[in-house]
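Chains U and V supply the protein sequences, listed in that same order.
Using our numbering, you'd call the opening residue of the first sequence number 1 and step up by one each time.
Using our numbering, you'd call the opening residue of the second sequence number 1001 and step up by one each time.
Simulated from the structure, these hints should not be mistaken for lab results.
Treat the hints with care, as some may be off.
[What the hints assert, rightly or not] Computed list of lysine to aspartate or glutamate pairs in DMTMM-like fashion (alpha-carbon distance at most 25 Å, straight line):
| hint | chain 1 | residue 1 | chain 2 | residue 2 |
| --- | --- | --- | --- | --- |
| 1 | V | Lys1103 | V | Asp1058 |
| 2 | V | Lys1110 | V | Asp1026 |
| 3 | V | Lys1103 | U | Glu56 |
| 4 | V | Lys1106 | U | Glu56 |
| 5 | V | Lys1070 | U | Glu42 |
| 6 | V | Lys1103 | U | Asp38 |
| 7 | V | Lys1036 | U | Glu102 |
| 8 | V | Lys1067 | U | Asp3 |
| 9 | V | Lys1110 | U | Asp59 |
| 10 | V | Lys1036 | U | Asp30 |
| 11 | V | Lys1036 | U | Asp38 |
| 12 | V | Lys1056 | U | Glu95 |
| 13 | V | Lys1036 | U | Glu63 |
| 14 | V | Lys1103 | U | Asp59 |
| 15 | V | Lys1070 | U | Glu56 |
| 16 | U | Lys17 | U | Asp3 |
| 17 | U | Lys17 | U | Glu63 |
| 18 | U | Lys57 | U | Glu22 |
| 19 | V | Lys1106 | U | Glu102 |
| 20 | V | Lys1068 | U | Glu22 |
| 21 | V | Lys1103 | U | Glu79 |
| 22 | U | Lys57 | V | Glu1005 |
| 23 | V | Lys1103 | U | Glu72 |
| 24 | U | Lys57 | V | Asp1026 |
| 25 | V | Lys1067 | U | Asp38 |
| 26 | V | Lys1106 | U | Asp38 |
| 27 | V | Lys1036 | U | Glu22 |
| 28 | U | Lys57 | V | Asp1003 |
| 29 | U | Lys18 | U | Glu56 |
| 30 | V | Lys1070 | U | Glu102 |
| 31 | V | Lys1106 | U | Glu72 |
| 32 | V | Lys1070 | V | Glu1014 |
| 33 | V | Lys1036 | U | Glu42 |
| 34 | U | Lys17 | U | Glu79 |
| 35 | V | Lys1056 | U | Glu102 |
| 36 | V | Lys1036 | U | Glu79 |
[Unchecked claim] Only part of the chain V face toward chain U is listed, based on derived beta-carbon distances under 8 Å:
| hint | residue |
| --- | --- |
| 37 | Phe1009 |
| 38 | Ala1041 |
| 39 | Leu1043 |
| 40 | Leu1046 |
As the structure is a computational prediction, the values presented were derived from the model and not from experiment.
We treat Cβ as the ideally placed atom computed from N, Cα and C, and that holds for glycine.
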Amino acid sequence: EADIYQTPRYLVIGTGKKITLECSQTMGHDKMYWYQQDPGMELHLIHYSYGVNSTEKGDLSSESTVSRIRTEHFPLTLESARPSHTSQYLCASSELAGIGNEQFFGPGTRLTVL
Amino acid sequence: GEDVEQSLFLSVREGDSSVINCTYTDSSSTYLYWYKQEPGAGLQLLTYIFSNMDMKQDQRLTVLLNKKDKHLSLRIADTQTGDSAIYFCAERGGSQGNLIFGKGTKLSVKP
């Protein structure tokens, strides 16, 4: 079972609020990822990190920001939430290199912005 | 750029075999993956195959890779209602080594 955690699992919030989605992993993985998943299932990579102090933008442009101050922690922040940010957010981690480069996923945070 | 395509829906009867198909574009992909997502959960790695293999079998799961046609399939034997989920095909591509996911195939298993 993957040791990667996301909080909160569900969040309903009003427009304009600042929110932070938490993601932590206890596997010592260097690489971490944030995906946005549409209601229709498709996954979009929005941010990733190679390790501490590394943050990279993914394939889909996002108004969110991330930080990586500690190996195990990769929070995602929205400064001013809007209804268009309503989605499922999935965090994942993997080793930098290794057989299969398996990504382990957290359970996700379902965000609704009213 | 890299792209992964898969059909969106598949419906089978319990006990039948399910075959989920996927095509990819990056011929340099070294690994190809199948992930499963159950409702309200994250993705879970089911199996992966190295690009120099044609087939990999793991209990009820069989993965077939046709590298020439860039075609990957996942066969689930004796499909059960618990297999109902979304199945994602993915390839490891690009210089960053990130995974490129398909849009997912929703498998429905009817009793």
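Regarding the hint that phenylalanine 1009 of chain V lies at the interface with chain U, is the smallest CB-CB distance below 8 Å?
Since chain U brings no Cβ nearer than about 10 Å to phenylalanine 1009 of chain V, farther than 8 Å, the hint is violated.
Q.
lysine 17 of chain U and aspartate 3 of chain U were given as a pair; does the straight-line alpha-carbon distance stay at or below 25 Å?
A. With a Cα-Cα distance of about 30 Å, the restraint between lysine 17 of chain U and aspartate 3 of chain U is violated, given a limit of 25 Å.
**Prompt:** Is the hinted pair lysine 1106 of chain V and glutamate 72 of chain U satisfied, with a Cα-Cα distance of at most 25 Å?
**Reply:** Roughly 32 Å separates the two Cα atoms, so the pair is violated.
Let's test the interface hint: is any C-beta of chain U closer than 8 Å to that of alanine 1041 of chain V? 6 Å, holds
Would you check the hint for lysine 1036 of chain V and glutamate 22 of chain U, treating anything up to 25 Å between C-alpha atoms as holding? 23 Å, holds
Q | Pair hint outcome, lysine 1103 of chain V versus glutamate 79 of chain U [Cα-Cα no greater than 25 Å] | A | 29 Å, violated
Check your understanding: CA of lysine 1036 of chain V to CA of glutamate 63 of chain U, is that 25 Å or under?
Key -> Judged against 25 Å, a Cα distance of about 28 Å means the pair is violated.
For a C-alpha distance cap of 25 Å, please report whether lysine 1070 of chain V and glutamate 1014 of chain V respect it.
Violated. Lysine 1070 of chain V to glutamate 1014 of chain V sits at ~29 Å, over the 25 Å cutoff.
query = Regarding the pair lysine 18 of chain U and glutamate 56 of chain U, is the alpha-carbon distance no greater than 25 Å?
reply = 21 Å, holds
Between the alpha carbons of lysine 17 of chain U and glutamate 63 of chain U, is the straight-line distance 25 Å or under? 14 Å, holds
Lysine 57 of chain U and aspartate 1003 of chain V were given as a pair; does the straight-line alpha-carbon distance stay at or below 25 Å? Given pair lysine 57 of chain U, aspartate 1003 of chain V holds - Cα atoms ~19 Å apart, limit 25 Å.
Query - Hint consistency between lysine 1110 of chain V and aspartate 59 of chain U [alpha-carbon to alpha-carbon, up to 25 Å] - result: Not satisfied, since the Cα-Cα distance of roughly 36 Å exceeds 25 Å.
This entry does not satisfy hints 2, 4, 8, 9, 13, 15, 16, 20, 21, 23, 25, 31, 32, 36, 37, 40, going by the numbered hints stated previously.
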